[in-house]
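Asks: Here this note's numbering is used: the first residue of the sequence shown is 1, the next is one more, and so on.
Hint data in this document are derived by calculation from the structure and do not stem from the laboratory.
Every residue, glycine too, gets a C-beta built ideally from N, C-alpha and C.
Wrong hints could be hidden among the right ones.
Claimed, not checked - DEER-style ranges, computed between Cβ atoms:
(1) Arg73 / Thr25: 42 to 50 Å
(2) Ala78 / Val56: 36 to 44 Å
(3) Val10 / Gln33: 23 to 31 Å
(4) Met1 / Ala79: 33 to 41 Å
(5) Arg76 / Glu31: 42 to 50 Å
(6) Thr36 / Gln80: 46 to 54 Å
(7) Glu31 / Trp83: 46 to 54 Å
Stated by the list, open to error - Derived SDA-like pairs (lysine to any residue); straight-line CA-CA distance at most 20 Å:
(8) Lys66 / Ala81
(9) Lys3 / Ile46
(10) Lys3 / Tyr52
(11) Lys3 / Ile50
(12) Lys3 / Thr72
(13) Lys3 / Gly15
(14) Lys66 / Leu53
(15) Lys3 / Ser59
(16) Lys3 / Ile49
(17) Lys3 / Gly63
(18) Lys66 / Ala51
(19) Lys3 / Trp13
(20) Lys3 / Arg61
(21) Lys66 / Thr2
(22) Lys66 / Ala6
(23) Lys66 / Tyr52
(24) Lys3 / Val56
(25) Lys66 / Val56
(26) Lys3 / Ser62
(27) Lys3 / Gly58
(28) Lys3 / Asp74
(29) Lys3 / Thr36
(30) Lys66 / Gly84
(31) Lys3 / Ala65
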Amino acid sequence: MTKLIAVINVIAWAGFWAFGYLALTAESYSETQMVTAALLASAGLITGIIAYLRLVRGSERSGYAKPSNRMTRDQRDAAQAQWGQIE
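Please model the entire structure based on the sequences and the hints provided.
Replies: And the structure:
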């Protein structure tokens, strides 16, 4: 499943860059073609971000990557309570 998500990620980012370039550099295209290219680029962007986040989550779960540093609620509340205090 991870390989499928990785392939989707690559295709989505390639679509984002390709259609984004077409949408930005379109001079002789009609407005419909420019809007279509922009919509496809935005779909590639959204799909690429979602696929990337799923890959990161999967790699953290499998132990391939270190889990991101997260504070517990108690640690966060204690740190926020100390804001602005000078020791």
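Asks: All hints, please: hold or fail.
Replies: Each hint, compared with the structure:
Checked against the hint of 42 to 50 Å, the C-beta distance between Arg73 and Thr25 comes to roughly 49 Å, which is consistent with it. Look at Ala78 against Val56: about 28 Å separates their beta carbons, and that is not inside 36 to 44 Å. At roughly 25 Å, the beta carbons of Val10 and Gln33 sit within the given window of 23 to 31 Å. Checking the proposed 33 to 41 Å range against Met1 and Ala79 shows it holds: the Cβ atoms sit about 37 Å from each other.
Take Arg76 and Glu31: their Cβ atoms lie about 49 Å apart, and the range 42 to 50 Å holds. With their beta carbons about 47 Å apart, Thr36 and Gln80 fall inside the hinted range of 46 to 54 Å. Judged by the Cβ atoms, the range 46 to 54 Å given for Glu31 and Trp83 holds: they are separated by roughly 51 Å. For the proposed pair Lys66 and Ala81, the alpha carbon gap of about 28 Å is over 20 Å, so the pair is violated.
About 19 Å separates the Cα atoms of Lys3 and Ile46, which keeps this hinted pair within 20 Å; it holds. A C-alpha spacing of about 12 Å is found between Lys3 and Tyr52, which places the hinted pair at or below 20 Å, so the restraint holds. Proximity of Lys3 to Ile50 is assessed by CA-CA distance (about 15 Å); at most 20 Å being required, the pair is judged to hold. Between the alpha carbons of Lys3 and Thr72 the distance comes to roughly 32 Å, so the proposed pair goes past 20 Å and is violated.
Among the hinted pairs, Lys3 with Gly15 is consistent with the structure: their alpha-carbon atoms are about 18 Å apart, no more than 20 Å. For the proposed pair Lys66 and Leu53, the alpha carbon gap of about 15 Å is at most 20 Å, so the pair holds. Of the pairs offered as hints, the one joining Lys3 and Ser59 holds, with about 12 Å between alpha carbons and a cut-off of 20 Å not exceeded. Between Lys3 and Ile49 the CA atoms are separated by roughly 16 Å; this keeps the pair inside 20 Å, and the hint holds.
Pair hint Lys3 plus Gly63 holds up; C-alpha atoms about 16 Å apart against a cutoff of 20 Å. With a CA separation close to 19 Å, the supplied pair Lys66 and Ala51 stays within the 20 Å bound. Taking the CA atoms of Lys3 and Trp13, the gap is near 15 Å; set against the 20 Å cutoff, the hint holds. Between the alpha carbons of Lys3 and Arg61 the distance comes to roughly 15 Å, so the proposed pair stays at or under 20 Å and holds.
Between Lys66 and Thr2, the direct Cα distance comes to roughly 17 Å. Compliance with the 20 Å bound is thereby established for this hinted pair. About 19 Å separates the Cα atoms of Lys66 and Ala6, which keeps this hinted pair within 20 Å; it holds. Using a Cα cut-off of 20 Å, the hinted pair Lys66 and Tyr52 holds, with the two alpha carbons roughly 16 Å apart. At roughly 13 Å between alpha-carbon atoms, Lys3 and Val56 fall within 20 Å of each other, so this suggested pair holds.
Between Lys66 and Val56, the direct Cα distance comes to roughly 10 Å. Compliance with the 20 Å bound is thereby established for this hinted pair. The straight-line distance between the Cα atoms of Lys3 and Ser62 is roughly 14 Å, inside the 20 Å bound, and the hint therefore holds. A C-alpha spacing of about 11 Å is found between Lys3 and Gly58, which places the hinted pair at or below 20 Å, so the restraint holds. Taking the CA atoms of Lys3 and Asp74, the gap is near 37 Å; set against the 20 Å cutoff, the hint is violated.
For the hint linking Lys3 to Thr36, the alpha-carbon distance of about 29 Å lies beyond 20 Å, and the restraint is violated. Our distance criterion of 20 Å between C-alpha atoms is broken by Lys66 and Gly84, whose separation comes to about 32 Å. Annotation: proposed proximity of Lys3 to Ala65 holds, straight-line Cα distance about 16 Å (limit 20 Å).
Checked against the numbered hints above, the structure violates hints 2, 8, 12, 28, 29, 30; every other hint is satisfied.
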